[in-house]
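Chains as they are written, first to last, in my numbering: chain A, 1 to 305; chain W, 1001 to 1249; chain R, 2001 to 2316.
Rather than coming from a laboratory, the hints here were simulated on the basis of the structure. It cannot be assumed that every hint is accurate.
If you want a taste of the chain W side facing chain R, the calculated C-beta under 7 angstroms gives, among others [as the list claims (entries may be wrong)]:
1. 1041
2. 1090
3. 1108
4. 1114
5. 1139
6. 1142
7. 1168
8. 1211
Even for Gly, the Cβ is constructed at its ideal location relative to N, Cα and C.
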Amino acid sequence: MLLLLEQCLNGLQFGLLLFLLAAGLTLVFGIMDLVNLAHGSLYMMGAYFAATFVERTGSFVAGCVMALVATLVLGIVVEIVALRRLYGRDHLDHVLGTFGLILFFNELVRLIWGPAGLTLPLPGWLSISVELIPGIYYPTYRLAIIATALLVGISLYLVVMRTRLGMLIRAGASNREMVGALGIDIRLLYTLVFGLGAALAGLAGLMQAPILTVQIGMGENILILAFVVIVIGGIGSIRGAFIAAVFVGLVDTVGRAFLPDLLRLLLSASAASTAARALSSMLIYLVMAVVLVVRPAGLFPAPGR
Amino acid sequence: MTDALLAVEDLSKRFGGIVAADAITLDVNAGELHAVIGPNGAGKTTLISQLTGEVSPDAGTIRFAGRDIIALPAYRRSRLGLARSFQITSLFPEFTALDNVALAVQAHAGHSFRFWRDARREEALRAPAAATLARFGLTERADLPVSRLSHGERRQLEIAIALATKPRLLLLDEPMAGMGPEESARMVATLRTLKRELTILLVEHDMDAVFALADRITVLVYGRVIASGAPEAIRADPLVRRAYLGDQA
Amino acid sequence: MTVSWLDLRRIVVAALVAVLLLLPLYSWASGDAFALTLFTRILILALAASSLNLILGYGGMMSFGHAAYLGIGGYAIGILADAGVTSGFVQWPIALAVSALFALAIGALSLRTRGVYFIMITLAFAQMIYYVASGLDAYGGDDGLTIYRRSTFAGLIDLSDKVQFYYLCLALLLGSLYGLWRLVNARFGLVIQGVRSNERRMRAIGFPVYRYKLACFVIAGTLCGLAGALLANHTDFVSPAMMYWTRSGDLIVMVVLGGMGSLFGPLIGAVALLVLEEALSRVTEYWQIVLGPMLLLVVLFARGGIDGLIALARHD
């Protein structure tokens, strides 16, 4: 029972990280109709920047803030220099072009930081565990991730639903041509949205760095999960991304934790562990397949699609 | 009502707040040319899309040759003998004119799980296709890629493709859209010949053509049928004049 | 003298085929054994890319999980070899059958979607299979499985002889290309191309589109499974990495680079990509830094691939 609670919290935390990643992806896809495979590279850069800046400045918070800004700037530069020309083209072009960017970033990282990967140690005040309810301890840092991600999520929601910029974003997700016809500077809007997405990706990357990994190719693995999230949630929908991300995070984490035990009830020990390993990785794709068969446009597609 | 080739009853469709079809009831008798007219946005194209199966209605029934076809997908309705031409030209741009029509012939000439023989040499496909092209005066243009055809020729090809499926009922969605007076006159002549061979439901804005060809006319405004009957009756109907015809007729 | 661009293309292709036919001779004469190995790999990947070309180039179905069939075909060989079954007459038909079955299952589900959803779902299925393979501890899991004996064909052909194996791959590639050429111009192929051209109209004129797309998908998957069987024999090794999604990306790059929807495009693309990779990796260890942006540039400015460039050159 305690284990279940802990795993649920872990799942929530993972899901919220996925949400940050997916939110940027779905915004960019929903508004600019851009399939950006290199979104994972921005996630990776966020982690690498954080590891480097934290080491240089000696301050966890300062390093993270610098990393966030650096990723934002990087995202904007990439948009202006490379991706801008892809708007309006066939999705195949997007896939190929951004695939090229992935190769580039992976090699760039290898060139600058070497093939081994980095670590990002937590400062003392974040390494402790906190007593949630009597007898249950949970790492402060993971709580911090949950809190930060929720805060960002709420802010994003408020911006998208309550501000003029958000209105343009929502309008753009439903009807791109209209927004342009309204005389809004589309190019600026696109660059801002892309920058926002990059910042979100970088934030996710740097937040998971202390507990998971900072290595080459880390972006690709989680990128697919982010795509699964937006496909399940419905492309262009932040709300959909949130619900789907939390759902995916929970299913994946809790599934991995309890599936071996569940299978051991049915199969022999060795068969159970093999099957569990394969099945828990597959679990989330199975869910996506089911969702797509039942609702090909996702659970909460942005209206007008 | 029972020997109508096409019987539509209470067909309704909403898109969010927009009522595209409001309890439309009409029928098309075998051998007649039934025109559907109305101002832009009246729901004429939506009507055709519901008849062909591309859009599923919220309510109502569609019977074709006595058979309820509401649950049938588009390709099955085509197999039953329902064909349509599109308001916005919808061809196969990478193919030649002859290829375009031959594809339509192929769809109704058995299955296509043939993997070896060159389909472009199949006389059973090419001959009927060439004959259909000839009807529209497009024989000279048969081997040209579609991109080299004029707008009028493409509109003709648009219908030729539908005709090549040997339909019993042909749904034409503004075939004369964007045509000049000469081309329109030729199209009217072609349609007059076609009238004798099959049943036609014609959606058009060109009133000269409509009154020259139609046996019956139905008027659609905001998704509702406001009048239906013989051309003279429609021409004289005050409701219709106010809503649509104005000084045109 | 005006050379039509079709002629120019034919010349390039003919020259390429001639080079491929004579390569072992060059390799023997110059003692450069590496060229033979490299080009065997090129032929195998060209076969895989050609199978992708059928659904992507001709059919307009963008599958991002095609490398899965390389893995499936390869693992079929590997697992059978591990169990002591080394006769190619048994292994290869099984590899093809298994690939076909997977393609049928994956296609049946995926083809209910389109556009980006289709891309993602094919990607997801490929990843699923990748994870399953990673979890197969009995067959090496992540580390992969070594194949100690190549497929035997009752003495008819010796696959461990590099030259014989090379010519087998070449024969299979050219044979497949011929088969694809006939298929593409037969009734089936016209339907597939029609679907790519205007799917809506295809339905309207009476084609049950889904079943043709599915059949096409299965054919492509099966052919790729054959490439997988060849690859397993070539590297004497199978591992989940064969089907990681970036491999699917490589295949797509080959198809696009060579010019989609053209018969020899994937071969040209495979040659171009692999030779380029080899050349670049001699210049710098970090060759992907160059390849990445190059790919982007090709996408941005040379959309018709190498084929398109040839056409452009002719127009000058």
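*Against the structure, test the hints numbered earlier, and report the numbers of the ones violated in rising order.*
1, 5, 6, 7 and 8
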